[in-house]
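Visitor: These protein sequence lines are chains A and B, in that order.
Going letter by letter, the first sequence gives residues 0 to 318 in numbering that gives the first Met the number 0.
Going letter by letter, the second sequence gives residues 0 to 323 in numbering that gives the first Met the number 0.
Treat the hints loosely; a few may be bogus.
[Said to hold, decoys possible] Between beta-carbon pairs, the in silico distance windows are:
1) 159/B to 145/A: 41 to 51 Å
2) 212/A to 235/B: 36 to 46 Å
3) 215/A to 308/B: 40 to 50 Å
4) 240/B to 311/A: 28 to 38 Å
5) 252/B to 311/A: 15 to 25 Å
6) 171/B to 55/A: 51 to 61 Å
7) 105/B to 311/A: 33 to 43 Å
8) 235/A to 159/B: 19 to 29 Å
9) 218/B to 311/A: 50 to 60 Å
10) 147/A to 1/B: 18 to 28 Å
11) 158/B to 147/A: 40 to 50 Å
[Stated by the list, open to error] What the simulated footprint calls covered on chain B by chain A, stretch by stretch (three residues with Cβ under 8 Å from a Cβ of chain A suffice, anywhere in the stretch; the number is not a length):
12) 135-143
13) 146-153
14) 250-258
15) 283-292
Note that these hints are calculated values from the structure, not bench results.
Quick reminder that beta carbons are idealized off the backbone N, C-alpha and C, glycines included.
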Amino acid sequence: MNGAPMSGAQMSRAARRGRLYRAWDSDLIYSFRRSPLAVISAVIALVLIVAAVFAPWLAPHNPMDLASLSLLDSFKPPIGMPDADWSNVLGTDNQGRDVLSAIMYGMRISLLVGFSSVLFAIVIGVGIGLLAGYAGGATDAVLMRIADVQLTFPAILTALLVDGVISAALPKTMHDVLQIDVMVFAIGISLWPGFARTVRGSTLVERNKDYVMAARVIGVPSWRIMLSHVMPNVIGPVLVIGTLGLGLAILAEATLSFLGVGLPPTQPSLGTLIRFGNDFLFSGEWWVTIFPGIALVLMVLAINLLGDWLRDALNPRLR
Amino acid sequence: MFSFIVSRILQAIPVLLIVGLISFALFAYVGDPVTIILGQDYTEQQRLALVHQLGLDQPFIVQYGRYLWTALHGDFGISYRLAQPVAGLIRERLPATLELAGTASILAFVVGVPMGVYTGIYRDSWLSRLFMIVSLIGVSLPTFLLGILLILVFAVMLGWLPSFGRGPVVHLGAWWTTGFTTWAGIRCLILPAITLAMFQLTLIMRLVRAEMLEVLRTDYIKFARARGLTSRTINFGHALKNTLVPVITIIGLQFGGLVAFSLVTETVFQWPGMGLLLVQSVAVADIPVMSAYLLLIALLFVVINLIVDLLYYAVDPRLRIGRR
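Build the full structure now, drawing on both the sequences and the hints.
Guide: Shown next, in the form of structure tokens:
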């Protein structure tokens with residue numbers, strides 16, 4: 000990271016202090032420690048992710064277990080209001096489901112869909128970007144024109160239409176089983192152009208460097224030059240776009256589920272919870288919809304702030 | 000000028016043809032129109048007759064051409080869900096969406112630009128800080144949550160404004176309906192318009208603020224001050240004018256966002272517009288409506304881009320001289 004060569008003594012000292020210390024001392028972690036906003040966001044994101052991943056062990060109730068639900072418990076208000084009790088800290092919904100537990104299980108699905116669709120978008124986007132940048136010519140022109148046209152379409156609209164078309168093409172019986180995969184596909188497809196454009200840009204630069212020429216001269220096949228020589232050098236910015244894309248993907252999933260074309264009620268994500276809760280807004284049970292909403296905003300905000308910080312920290316011009 | 004417009008229109012044609020191809024492919028290959036129309040029981044003869052009647056035995060390119068031809072004449076087929084012509088459904092709902100989107104855009108512009116100018120000039124006043132906090136909330140709140148919150152506060156708790164629908168509408172001309180003429184109609188418009196305007200408003204405000212900060216540092220502003228011009232002339236006549244080019248670009252680019260968020264807003268407020276129609280159609284895989292919507296949106300994109308290009312000319316004299 001710092002350009003000056005280390006003396007032998009410095010090097011052995013760094014080696015003695017171990018890998019962990021060097022990571023702690025690196026530029027990236029240093030700038031992280033210096034940014035309170037990034038630290039707070041990371042803590043919030045971490046707490047939410049842990050709560051979601053370990054929901055089956057941490058949640059006070061199991062909202063998926065229909066046998067444990069009792070209608071007698073329905074619409075219990077959250078703590079701080081009259082008639083509240085500590086077994087349902089954030090209250091219950093119309094079926095007596097604990098809102099806090101439902102949120103934790105819902106975040107699990109939101110995060111699962113978010114991570115998977117970003118991963119999917121990265122695989123497609125990086126692949127197409129490498130191909131377009133390395134091959135150039137007509138391949139490049141066609142692929143990038145497609146990306147341009149898709150970029151003018153908002154991601155949510157693309158995801159909505161893709162989701163609608165796949166649902167129309169699939170037989171009804173496969174629907175509920177495949178709904179998560181369909182969502183991941185639809186959202187992933189809507190996000191790939193961002194990755195492709197960035198990777199193509201850096202590939203165009205890398206392509207003309209000597210190491211690529213050397214590899215070509217000794218007869219390494221093109222696909223191998225792209226994957227094992229060029230790709231490691233262009234993957235850096237993908238990390239930043241991926242983090243910001245995760246926020247977008249979670250929001251897209253929540254929006255689609257809220258619109259009623261996303262995940263089925265058997266697998267409620269945060270968006271589905273907000274949609275159901277919305278029906279009870281007028282009868283005064285605001286907590287059923289507002290708390291999942293707060294969880295969603297916190298999660299997306301924390302991820303976006305982390306992404307912003309990462310972008311600034313990795314940008315040498317801003318240092 | 001004229002040749003510029005013509006060349007832009009010519010450039011738009013391939014884009015429209017490709018979108019048309021996608022929407023035709025949807026129409027033709029997803030779901031089987033023959034079984035949808037004939038139902039379960041039919042003879043082979045009936046099937047062949049219908050296939051011929053629908054032109055499905057023609058080559059692909061002929062079918063595509065025919066599809067475009069009928070679409071040009073305003074015929075987009077029949078909705079599976081409502082069993083009515085799609086063109087009629089869209090015509091019925093277009094005014095609602097345009098009134099909502101238009102009001103929201105004007106609101107965003109009329110409120111966002113002054114807020115941006117103010118926060119740009121008085122960077123550190125407490126009102127600027129308040130505006131910045133509001134804009135941070137506007138950026139991070141998803142549209143549907145903002146709508147739900149507004150309904151909760153203004154419709155459920157305070158009971159000031161209606162929470163859904165468009166209220167009474169008045170017919171103007173052959174097919175345009177408007178909610179502007181009655182007080183009840185305007186009341187219905189307030190919450191959805193604020194919801195839809197919020198994200199654009201924050202965007203415009205932040206952009207104008209950043210551009211103002213940039214422009215106010217330049218030499219010609221210093222010179223204008225040295226000449227003793229009033230600060231109003233400087234701020235609005237010189238500084239604001241030069242911030243408008245990027246603002247117009249962004250507003251044009253954000254048109255897609257306006258379309259997407261109008262889907263969400265219309266669903267939250269049950270606003271009877273095109274967005275709600277699309278969402279309901281996607282939920283039951285009503286392909287003719289989806290493909291017609293796709294075509295229409297592509298057309299709107301092209302028109303908006305053209306308008307943005309023309310606005311550059313109006314706003315920035317440098318472009319006019321450069322092209323001559």
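Visitor: Each hint: holds or not?
Guide: Okay, the hints, checked on the actual structure:
no., hint, result
1, 159/B to 145/A: 41 to 51 Å, "holds, 48 Å"
2, 212/A to 235/B: 36 to 46 Å, "violated, 57 Å"
3, 215/A to 308/B: 40 to 50 Å, "holds, 43 Å"
4, 240/B to 311/A: 28 to 38 Å, "holds, 32 Å"
5, 252/B to 311/A: 15 to 25 Å, "holds, 23 Å"
6, 171/B to 55/A: 51 to 61 Å, "holds, 58 Å"
7, 105/B to 311/A: 33 to 43 Å, "holds, 35 Å"
8, 235/A to 159/B: 19 to 29 Å, "violated, 52 Å"
9, 218/B to 311/A: 50 to 60 Å, "violated, 30 Å"
10, 147/A to 1/B: 18 to 28 Å, "holds, 27 Å"
11, 158/B to 147/A: 40 to 50 Å, "holds, 48 Å"
12, 135-143, "holds (count 5)"
13, 146-153, "holds (count 4)"
14, 250-258, "holds (count 4)"
15, 283-292, "holds (count 3)"
In summary, the structure is inconsistent with hints 2, 8, 9 from the numbered list given earlier, while agreeing with the others.
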